[in-house]
Amino acid sequence: QQQVKQSPQSLIVQKGGISIINCAYENTAFDYFPWYQQFPGKGPALLIAIRPDVSEKKEGRFTISFNKSAKQFSLHIMDSQPGDSATYFCAASRNSGNTPLVFGKGTRLSVIA
Amino acid sequence: DGGITQSPKYLFRKEGQNVTLSCEQNLNHDAMYWYRQDPGQGLRLIYYSQIVNDFQKGDIAEGYSVSREKKESFPLTVTSAQKNPTAFYLCASRGTARQPQHFGDGTRLSIL
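The listed protein sequences derive, respectively, from chains A and B.
Taking my numbering, the leading residue of the first sequence gets 262, the next gets one more, and so forth.
Taking my numbering, the leading residue of the second sequence gets -13, the next gets one more, and so forth.
None of these hints come from the bench; they were simulated from the model.
Backbone N, C-alpha and C define an ideal beta-carbon position, used for all residues, glycine too.
Among the clues, some could well be false.
Going by beta-carbon spacing under 10 Å, a handful of chain B positions derived as facing chain A [said to hold, decoys possible]:
#1 21
#2 36
#3 42
#4 77
#5 83
#6 84
#7 88
Here are the simulated DSS-like pairs of lysine-lysine, each with C-alpha atoms no more than 30 Å apart in a straight line [unchecked claim]:
#8 A/303 <-> B/0
#9 A/303 <-> B/69
#10 A/332 <-> A/366
#11 B/-5 <-> A/366
#12 A/329 <-> A/366
Computed Cβ-Cβ distance ranges for the label pairs, DEER-style [stated by the list, open to error]:
#13 B/38 <-> A/269: 49 to 55 Å
#14 B/4 <-> A/269: 34 to 40 Å
#15 B/96 <-> A/313: 40 to 46 Å
#16 A/264 <-> B/48: 29 to 35 Å
#17 A/328 <-> B/72: 37 to 43 Å
#18 A/339 <-> B/2: 49 to 55 Å
#19 A/339 <-> B/-2: 28 to 34 Å
#20 A/313 <-> B/43: 26 to 32 Å
#21 A/276 <-> B/38: 44 to 50 Å
#22 B/4 <-> A/339: 46 to 52 Å
#23 A/328 <-> B/96: 22 to 28 Å
Could you build all of it, start to finish, from the sequences and the hints given here?
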C-alpha cells in the first residue's frame, strides 16, 4: 500500500515558468511533510518542510501548499531555472518518536531554456 | 564538517557473496535508516534504528541484515539471499522527530 502518492512522474518546464508537483497521503496521523531534492549520484537534500498547523510555507522560490482536509500538499517552484533540474521527492511521517519518513516515488523535473 | 559518510561509492557483488555497506555519521543522531532506490520506485525503507543495539525491519528487509553497535555507525549487509541487489543504497540519520532527516551520498551496488 503506497501511503504517499506523488505526481507527475516527470515534468518539463520552460525557464522562468512555474513547476508544480503534487502529493497525496492516506494516513491522517502524518504531521510532518518535507520535500527533498536529489541530483544524479547524490543523496537527497532537504528543500523545505511543512507541518499541518500552517497552509503555506515559502522559502525563496520554493513554496509548499498544504490542504489538510484533502490530505494533499504540493511544491511550487517559481521562476524555474535549469539548475533546478533534479528529482524531487515528497515525504511524510508521524511526529511520535523517530518514525521513518514515507516517500513518494519522485518527480523528475527538467527545466529547459 | 558534520555529515553522513557512506562507503564505498561503488561496489560489485559476485553471485553467492555477502557484501557490507558502511554508513558513519558524526551528527550525534540517535536514529539511522537504510533506503534502497530503484528507478521509478522512490526510496524504500530496508531497516531503521532508533537507538543503539536496537533496529526494526522496514518494508523490504528480506535479504538484508544490519547492526547498530555504536551510535555513529549503521552498516548494512546485502546477503546472498537478496536475489536482486542492484540498486542505489542510501543511508540517513535524524536527531529528533522535529529535526530533518539527512542523507549520505549513497553506494551503488552492482552484480558482477
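Quick rundown of the hints versus the structure:
{"no.": "1", "hint": "21", "verdict": "holds, 8 Å"}
{"no.": "2", "hint": "36", "verdict": "holds, 5 Å"}
{"no.": "3", "hint": "42", "verdict": "holds, 9 Å"}
{"no.": "4", "hint": "77", "verdict": "holds, 8 Å"}
{"no.": "5", "hint": "83", "verdict": "holds, 5 Å"}
{"no.": "6", "hint": "84", "verdict": "holds, 7 Å"}
{"no.": "7", "hint": "88", "verdict": "holds, 7 Å"}
{"no.": "8", "hint": "A/303 <-> B/0", "verdict": "holds, 25 Å"}
{"no.": "9", "hint": "A/303 <-> B/69", "verdict": "holds, 25 Å"}
{"no.": "10", "hint": "A/332 <-> A/366", "verdict": "holds, 17 Å"}
{"no.": "11", "hint": "B/-5 <-> A/366", "verdict": "holds, 23 Å"}
{"no.": "12", "hint": "A/329 <-> A/366", "verdict": "holds, 21 Å"}
{"no.": "13", "hint": "B/38 <-> A/269: 49 to 55 Å", "verdict": "violated, 41 Å"}
{"no.": "14", "hint": "B/4 <-> A/269: 34 to 40 Å", "verdict": "holds, 39 Å"}
{"no.": "15", "hint": "B/96 <-> A/313: 40 to 46 Å", "verdict": "holds, 41 Å"}
{"no.": "16", "hint": "A/264 <-> B/48: 29 to 35 Å", "verdict": "violated, 20 Å"}
{"no.": "17", "hint": "A/328 <-> B/72: 37 to 43 Å", "verdict": "holds, 38 Å"}
{"no.": "18", "hint": "A/339 <-> B/2: 49 to 55 Å", "verdict": "holds, 52 Å"}
{"no.": "19", "hint": "A/339 <-> B/-2: 28 to 34 Å", "verdict": "violated, 43 Å"}
{"no.": "20", "hint": "A/313 <-> B/43: 26 to 32 Å", "verdict": "holds, 28 Å"}
{"no.": "21", "hint": "A/276 <-> B/38: 44 to 50 Å", "verdict": "holds, 48 Å"}
{"no.": "22", "hint": "B/4 <-> A/339: 46 to 52 Å", "verdict": "holds, 48 Å"}
{"no.": "23", "hint": "A/328 <-> B/96: 22 to 28 Å", "verdict": "violated, 42 Å"}
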